Amino acid sequence: MNVNQSAPPVPPFGQPQPVYQGYHQSSYGGQPGSTAPTTPYGAYNGPVPGYQQTSPPDYFKIKSLGIPGWFSGSVPKVISQSFSFCPLPSGVSRAPPSSEAPPASTAQAPCGQASYGQFGQGDVQNGPSSTVQMQRFPGSQPFGSVPLAPVVSQPTVLQPYGPPPTSAQVTAQLAGMQISGAVAPALPPVGLGYGSPASLASASGSFPNPGLYGSYPQGQAPPLSQAQGHLGAQPPQRSAPPQASTFTSPASGGPRMPSMTGPFLPGQGFGGPSLSQPNHVSSPPPQALPPGTQMTGPPGPPPPMHSSQQPGYQLQQNGSFGPARGPQPNYGSPYPGAPTFGSQPGPPQPLPPKRLDPDAIPSPIQVIEDDRNNRGSEPFVTGVRGQVPPLVTTNFLVKDQGNASPRYIRCTSYNIPCTSDMAKQAQVPLAAVIKPLARLPPEEASPYVVDHGESGPLRCNRCKAYMCPFMQFIEGGRRFQCCFCSCINDVPPQYFQHLDHTGKRVDAYDRPELSLGSYEFLATVDYCKNNKFPSPPAFIFMIDVSYNAIRSGLVRLLCEELKSLLDFLPREGGTEESAIRVGFVTYNKVLHFYNVKSSLAQPQMMVVSDVADMFVPLLDGFLVNVSESRAVITSLLDQIPEMFADTRETETVFAPVIQAGMEALKAAECAGKLFLFHTSLPIAEAPGKLKNRDDRKLINTDKEKTLFQPQTGAYQTLAKECVAQGCCVDLFLFPNQYVDVATLSVVPQLTGGSVYKYACFQVENDQERFLSDLRRDVQKVVGFDAVMRVRTSTGIRAVDFFGAFYMSNTTDVELAGLDGDKTVTVEFKHDDRLNEESGALLQCALLYTSCAGQRRLRIHNLALNCCTQLADLYRNCETDTLINYMAKFAYRGVLNSPVKTVRDTLITQCAQILACYRKNCASPSSAGQLILPECMKLLPVYLNCVLKSDVLQPGAEVTTDDRAYVRQLVTSMDVAETNVFFYPRLLPLTKSPIESATEPPAVRASEERLSNGDIYLLENGLNLFLWVGASVQQGVVQSLFNVSSFSQITSGLSVLPVLDNPLSKKVRGLIDSLRAQRSRYMKLIVVKQEDKLEMLFKHFLVEDKSLSGGASYVDFLCHMHKEIRQLLS
Amino acid sequence: MATYLEFIQQNEERDGVRFSWNVWPSSRLEATRMVVPLACLLTPLKERPDLPPVQYEPVLCSRPTCKAILNPLCQVDYRAKLWACNFCFQRNQFPPAYTGISEVNQPAELMPQFSTIEYVLQRGAQSPLIFLYVVDTCLEEDDLQALKESLQMSLSLLPPDALVGLITFGRMVQVHELSCEGISKSYVFRGTKDLTAKQIQDMLGLTKPAVPMQQARPGPPQEHPFVSSRFLQPVHKIDMNLTDLLGELQRDPWPVTQGKRPLRSTGVALSIAVGLLEGTFPNTGARIMLFTGGPPTQGPGMVVGDELKVPIRSWHDIEKDNARFMKKATKHYEMLANRTATNGHCIDIYACALDQTGLLEMKCCANLTGGHMVMGDSFNTSLFKQTFQRIFSKDFNGDFRMAFGATLEVKTSRELKVAGAIGPCVSLNVKGPCVSENELGVGGTNQWKICGLDPTSTLGIYFEVVNQHNAPVPQGGRGAIQFVTQYQHSSTQRRIRVTTIARNWADAQSQLRHIEAAFDQEAAAVLMARLGVFRAESEEGPDVLRWLDRQLIRLFMFHLRRSPFLQVFNNSPDESSYYRHHFARQDLTQSLIMIQPILYSYSFHGPPEPVLLDSSSILADRILLMDTFFQIVIYLGETIAQWRKAGYQDMPEYENFKHLLQAPLDDAQEILQARFPMPRYINTEHGGSQARFLLSKVNPSQTHNNLYAWGQETGAPILTDDVSLQVFMDHLKKLAVSSAC
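These protein sequence lines are chains V and S, in that order.
Per this note's numbering, the very first residue in the first sequence carries number 208; after that it's consecutive.
Per this note's numbering, the very first residue in the second sequence carries number 15; after that it's consecutive.
Be a bit skeptical, because a hint or two may be false.
[To be verified] As a list, the in silico EDC-like pairs of lysine to aspartate or glutamate whose alpha-carbon atoms are at most 16 Å apart:
(1) V:Lys796 <-> S:Asp216
(2) S:Lys207 <-> V:Asp820
(3) S:Lys341 <-> S:Glu553
(4) V:Lys804 <-> S:Glu262
[Said to hold, decoys possible] Reference listing, derived: stretches of chain V covered by chain S, where coverage requires no fewer than 3 residues with Cβ under 8 Å from a Cβ of chain S:
(5) 991 to 999
(6) 1151 to 1163
[Stated by the list, open to error] Sample of chain V residues facing chain S (criterion: CB under 10 Å; computed from the structure):
(7) Ile681
(8) Val797
(9) Tyr801
(10) Met813
(11) Val815
(12) Ser816
(13) Ala819
Since the hints were derived computationally from the structure, they do not count as laboratory data.
Owing to the predicted nature of the structure, the values given are computational and were not obtained by experimental measurement.
Cβ coordinates follow ideal geometry from the N, Cα and C atoms, glycine included.
Based on the sequences and whatever the hints tell you, model everything.
Rendered as C-alpha cells:
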C-alpha cells in the first residue's frame, strides 16, 4: 500500500473524489515529505485546493472498497454492495497504481514498508500531536477554505479564541473522511473502505503534520505551518485530487468482490497492535486483492490509501480513524506483510481477507487524542458566536467572555440551519445538553452573583428574558431591545448607563450580566413560593431496617458512616456550618420517625403503622441542626442497628416512605432531599405496593416496553407532590433480587434525584463503593425547588426535554432538586426562519434555592450561528452531544415503542444524516464510497455502542432491573458521561514506561487490541475492570497482586493489594484518578484472561461483536453504508 | 314503723339491699296501684368486713334454666343429702364434698346470717390488673405538670404486678412502648382517622401471633405477656422508665394559631386504647383512664371544631338541634363503650377544664362500663388530685376498692319478674323465665355486666309482680330474689357474691296497712328519681317532669325537680351529664343528699342542727354548712362574717367564736375525706359571689316578690322566679284533689 504513495501521481483516481484525493495526495506528499519535508508540503498544497472546491475537507471519506474479506466473512449477505475502502487519500493516489497494475502494488509495498517504519516513529513522536492538529483545526481549515488557505491557516490557530467561524468549519472539513472503494456493489461495505477513510481524515490532519514533522516537531504551531504549506502547495494538490477522484471512481466502478478483501487487509495492517499483527499480515494480501477484485478503480484507491499512511499521512489517518496509534509499532511489521499482500493476495487472504481493517475506520481514540493535543493547551474563550468547543474528553480551561461555558451547555451543532426545511433535510437533531449547576475546575470562577435589589433582576417585559450580554441598548442607553423577542423596553433609572461610541454600555465590563455568559441573580421574594423566602433545606435519611438490610450489614455500616458524614453537609460560601437540617426515619413495613431534639436525653422513636394514610407524627425535633443535636443523633445512630438486630420483618413499604419524607418537609415548610436506603420489592400492604413482574419472556416482544414502565401510576402522583414541595429523592438500592427499578426510580427520576444500585450488597465487597457514593451524594451541592426555563430567540424554540425532572406544562422544567451532575437535554425546533446575521440565542434560566436557603436565578446564555449552507451545519456539529441526545431519545422511546423500532429509528436517522451530507456536502464520488463528515466520523461507532447497549439490546445476563437502572441513569447524563459510558476507555497499563506520569494512551475497545502479555484497565463511568493477560510477566503479577503467578490471581478481586513498588503505586494511582473523574464510584473487578468473568469484561469491548447480537463496529459501519446508499439511490 | 326501720337498716347493712316495698303486694293489679314500683337499690359489693369469703365454689341448682345457688332459704333433707331449690323447686343432690352435712354441721351458705355470702373461685387464670393511662397533652404547662405529677404518684399506689400502659394524645395519638432501653418508642396514629380494632391491632403489631402461634402452640399462656409486653408492663419493672417518660412528656408540639383550639384527638385515642386492650386482654380487669383538658376537636368523636369563635354546644343549641357534632360523637363513644363493656374493661374520664370537655358525648363511656367520671376546673386542683388519689384507696384488707368485669344475675321466684336495672351496667341480653316484658331502665334481661365496680356502686333494680289477682299467693308465702354477682376482685381473684332475700307477700286489700308500713320512703324516692333521670337522659325534659309530677307527691320531689339531674337550666350539658352519672350509681344515702342537699346550721345557740333547706334558714348569726354531694358550701351569715372580718376569732376572749368558725370546717373536712369524687369545697360568706351555690339550692320561700310580706328579720331573700315549696305544695294539693275527683 505504501507503495502507492508514490502512486499519488495517478490522476484518474483523483477525479472522482477530488477532495479525497487531494488529501491523499497531500498526505502522500507528506509522506515523502517525511523523508523529504519539502516535497510533502508541495503535495499538500496541491490537494487542498481540490478539497475546497468540493468541500471535502469536512468529511472523512471511507472508501468502501469491495472488501473481499467481508464478503467472504459473516457479513457478506448483509452487504450487498461491496465497498472498497480506499484507505486514505494517499491511498487514492496509490490506489491507482495498485489497482491498475498489480506489480505496482508490489512496488508500493516496499514503499509502504518504508512508510510504516516512519509511522512507527511518527506515532511515538509526533503521532498523537500531529494527528490531533490535523483533525481539529489547522489542517482541516486550510483545506476547507481553499481560497482562504493562507488566512485560514491563521484562524485555525486562533480558533479557540474565536477567530472567524469559517476557520472552524474549515477544520471540520479537513476532518472529512472518505471511505472510498465501494468496489463491488454487491459486496458488503465491510471494511475495505475503512482504510481509506482514515487516510482522508488523516490526510487533512496530516498535512499539517508533515509540515510539523519537518519544521515543527510537535505543537500547535504546525497547524499554521501547515496552512501555509497548503497555501503554497494548493496548486499541486489540485492536481492530486483528480488522482484521488480517479481513484475512487475505480473503486466504485470496480464491483469485484475479491478486491474488497484487499483493502481491508491494508487497514488491518495499520491498526495492528501486536495481536493484530497477524491480521495485518493477512490484510496486505487483501489489498492486493482489492485491486483485482475491486472495480478496477477502487482497488487502486485503497492501496494508495495505505501508501498515504506513510509518514505524515498515516499519522493523520490514524488520528481520524483511531487505530493508528496502537498499530504504529505494529505497522512496521504489517508492512512487510502488506507488500506481500499487494503482490500476493493468495496467502494473506485466507486469514484476514474477511475483515475490513479496523485500523482504517474512524477511531474514537485517535479523535480524542487529537483533540486533546490540539485544543487542550489553550483556554477556550467563549467570546465568539458559534464556536465548537473542544471535546469533553479534552482538558481545557474556559474563559467566559459572553457565552456560557461548554461545561454548562453543549450543543449538537453550533451552526443552526436557517430554515426548518434545511433542518429537516439534514435530520441533525438540534439539541443542547444543559448542566446548569455544573461543577467547575478550581481554576474557573463560579458564576458571579448579581443583586439588582428590590426590583429584582432586569427582564424583558414581553418575553421575560433576563438581562444578558446580547441585549441591545439603544437611544443613548435609555432603552434596550430584547435580543430574544425584539421588544423594546425602558431601562429603569437606577440601571441607566451611557453608551460608548460602539453602542455598548460604559459599564458593560463591570456588570456580569452584560459581559458574561453565565451569572446568577439574587431572586426577590416574588420568585419564592408563597411569596415567602424559603427556609434552609433539610436532608432526611430514610433507612430500610428489614431483615435483608440488617443481615447484609448495611444498616450498621450506614449508621456508622452517617455519624461522621453529617459533618460534611453542603455549605455555601464560607459559612462555618451547614444550614441544612437533618432528620431520620427507619422503616420496614411500618415507619419509625425519630425525635432527636437537642434537649432530649435520649432519642424518641415514633412508629407510624398507618402506611395507607401516611403522616408525620412529630414536628418539633424531627429536623434538627446537626451540631446542636449531635449527642442525641449519635445515640440514635448507635442504637438503630441494635434495635433491629433481631428483626424478622422481611416486608417493606416504599411509597409511604417517600410520602412521609415529603410530608415532613411540607410540615417544616422547606425543600429538601430524601436519602432512601432500600433493599427489596415493596410487597407489604400499602399504597405503591408492587408485585414481581419480571418476565424475561417479554424481551423482544411488543410488550417489552412494559418492563420499563412503572407498574402503577401511584408513584407519578407521588412524584408530582414531591416536586410541588421541592422534595428531591435519592434512592440507594441494595437488592438481592428483582426490585422493579423501573417503578421505584420513578420518583427519584421525576424529582431530579439519583438512583444508586448495589446488587447483592455485601459489606466486605461493596462498602467502599457505597460509602464513596454516599459521601459524594450527601456532600454535593444541590439546588432545591428549581424551575428551569430555556428561552430562545425568535425562530427556534425548545420543544422537548430529557432528564430527571418533572414538567407540568410544556416550557417549565421543574426540578425538586438539581445537583452538579444532573443534565437536561433540550431539543429545539424551528418555528420560523432564522437570520444568518443575528444568529440564534439560547438563554437558560434556573430559579433555585441554594443549600443555604437563598433563592437565586442562574442564567446561561449561548449564541449560535445560523447557516444557509448545510455544509456549515455539518462542519460545526459535535458527535458526542449528538449521541447524548440520541441515546436519551432512544431510551425514552423504549417506554412507548418496541425496542426494535427504537433501534431502527436510530439507524435510520443516522443514515439520513449521513446521506444528507453525502448528497449535499460531499464531493461527488462513487456511491460505493462511504463519506463521513469530519465532525461526525465517529457517529457510526458511537451509535453502534448505543444500539448494543443493555437497554436496547440486552444480553442474557442483563437483568430487567439493570436495564431500567441504566435507562434511568443515562437520562440525566452529561456528554462526558455518555461518551465514556457508551465507548469505554481501555487503558494498557504495562505498555508505557512506569515512570511516565501521564495517563497511558487509551486503545480501542476491541479484543484485538488486548495483548495477553499486558494488563489493561477498562472503565465506562460505572464499571472498572482490570484485565490481566494470561502471559503477563511474572514480575508484573508479583508487583501488582503480590502473588507469584497468573494462576494465583484471584479472579473477581476488587481491591489491589497495597504494595510498595512503582507499578503497584502507579496502577492504584491511576485507578484512583479514574474514580475521581466520575460521579459514581467504580468498583474494580479483576478479570483474568480466559476466566469466566471475562465474558462480563468482553461485554464492554464495544467494537466487537457482542454476545447479545450487537454488531461489531466494522459490521455496523458497513451496514450503515448500505443504508446510506439506499437512501441516496 | 320502728321495727320496719330497723328491719330496713339491718337488711341494708347485711345485704346491701333496700326495697321500696318491704312487704309485697301479691298481685299485679295491686302492685300497679301502688304507683311506686316494686324495686330495690342493690349495692352488690357493699363492704362487709365481717364477711370473710368462703374458699369454695357455690352449689348450683341442677335445672339448666335455673342454676340458682344454694342458700339459706332452701329446704334441705340432711338424711337424703338433698336440697330443694327455692326458685324452681328442683330437688338436687349435694355434691360429694357435702357428704358430712347435717343439721349441726351446716355449710355457711345454709345459715340464715349468710343471706349474703361470697365465694372465691379457684379456677381460671389470674391476670393482673391493668391500668391504661390515656393522657391529653394539649394542656397548659402547669396543668400538664400537675397531671404528670399525679400520674407519677399513682405509680406508687398501684400494685407492683399491675400492668400499666400509656397513651398520649393531642393532634396525634401516641401509644408508648414501655420496655425500651436507651430510646423511648411509641406508635403514632393520626388523630383524624377512625380505625377498626383489627387495624389498630395490626398497626400495633399485636396480630403477629397469627403465624407464630401455630408453631408455638404448646405455650399459649406465655403468648399473652409476650404480645402485650411492649405496651403494658408490670409496674415494678418499668416504674423508673415510666416515671421518666411521664416526666419528659411535652405539650403537644403542633402549633395552635390564635383563635383556634388545639387539635385534640380524644376519640381516636380512646378508640386505640379500647382496641389495644381488646386485642391483648379481653375479659380481664382493666381500667382505661382518660385524662383530658378540653373537648375533642378532630376526628371521630369530635365535639366542636377548632375555631374558637364557634362555642361548644349548649343546651340551647341541643334543643334547637344546632349541635352538629353531637350525634355523631355520641355514636362514636357509645360504640366504644359497648365494645369496652363487651371486653369487660372500664373507662374512667377525668376531665379538667374551665369550659366543657364533651362529657355529654363521652358520658356513656363511663356510664356503660362502670368507670368513674370526674369533672374539675384544672388538674392543678386538690379536687382532682385527691379524687384521683382516692381511686387507689384501699379497704380494710388492703385491697383496692375496685372490682372488674362483674356480671350481675337476678333470679326471682315465680310471682316476680325482672323489669330492668338502672346503674352503671349494660345488658347481657339474657332472656330467662324471670324476665319481664315490661322494661324499666335497662331491661329485657336478668343479667347485666358491670365492668367497674366499687363498694358503693349501687344499681336500681325494678321488678314486676306477675302473680294474677285470681291466683293469690297463699298466706304467709314469701317471695325470694337472688342476686348473683360474679366479679374479678382487685386481688385478681374471681369471686361470686350471692345475696338471697325474701319478703312476705301481702294482699293489698286486706293487708294494706302492712304494706304501707313497710314502705321505704327514701328508697322509693331514689328509685323513682333514678327512673326519672333515666327517662330524662332518653326523653325530652318537660315530659319527664310531667311524668314525675304524676307519679309522686312527696317532699323530695320538690328538690328533685329543681335538681340538676332533671333541670338543665343553669347547667351545661357536660355538668348535667356529670351529675346524672353520679346520681345513677351512688348508694341511697348519697343519692338522697344529691336530691335534697343537707343544710346544717352552726350558732352560739346550741349544737349544730340540721335546718330546712329554705331561704328562711339563712340568718345573719349562723354559719351554714351545705352538702349537695358535689359541693360543700360553708356560708357565714352576715354578722358572723363581720365578726370574722373584725378579727374576733384571734382574740383570746372570743375563743368560742373561733371554735364556732372551726366547727363547720372540721365537719366539712370529714365529708371531704370520705367522699368520692371529692366535692367542690366552697368557703364563702354573706354577699360573697360563691354564695350563689347556696342560694340556688334553698327553697325560695322568700323572694323579691314576697319579701315584704315576710318581714325582714328572718332569712334572706332569693332573687328568683322559681316557685317556693309552699306554692308547689299548694299546687300539688290542688292537683291531687282534682285528679282524685
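Satisfaction of hint between S:Asp216 and V:Lys796, Cα-Cα up to 16 Å: holds (11 Å)
Are the Cα atoms of V:Lys804 and S:Glu262 separated by 16 Å or less? holds (12 Å)
Does S:Lys207 pair with V:Asp820 here, judged by a C-alpha cut-off of 16 Å? Roughly 9 Å separates the two Cα atoms, so the pair holds.
Counting residues of the stretch 1151 to 1163 of chain V with a beta carbon closer than 8 Å to any beta carbon of chain S, are there 3 or more? violated (count 0)
Given a cut of 10 Å on the nearest C-beta pair, is the interface hint for V:Val815 held or broken against chain S? holds (5 Å)
Would the stated hint for V:Val797 survive a check requiring a Cβ distance to chain S of less than 10 Å? holds (7 Å)
When the nearest CB of chain S is found for V:Ser816, is that gap smaller than 10 Å? Cβ of V:Ser816 sits 3 Å from chain S, so the hint holds.
Would you check whether V:Ile681 satisfies its interface hint, that is, whether its CB is within less than 10 Å of any CB in chain S? violated (53 Å)
Against chain S, is V:Tyr801 within 10 Å by beta-carbon distance? Where the cut-off is 10 Å and the nearest Cβ of chain S is about 8 Å from V:Tyr801, the hint holds.
Hint V:Ala819 vs chain S: min CB-CB distance below 10 Å? holds (9 Å)
Annotated coverage of the stretch 991 to 999 of chain V by chain S, confirmed only when three residues or more have a Cβ within 8 Å: violated (count 0)
The hint names V:Met813 as touching chain S; please verify it with the least Cβ-Cβ distance against 10 Å. At about 5 Å, which falls below the 10 Å cut-off, the nearest Cβ of chain S leaves the hint on V:Met813 intact, so it holds.
Going through the hint list in order, the structure does not satisfy hints 5, 6, 7.
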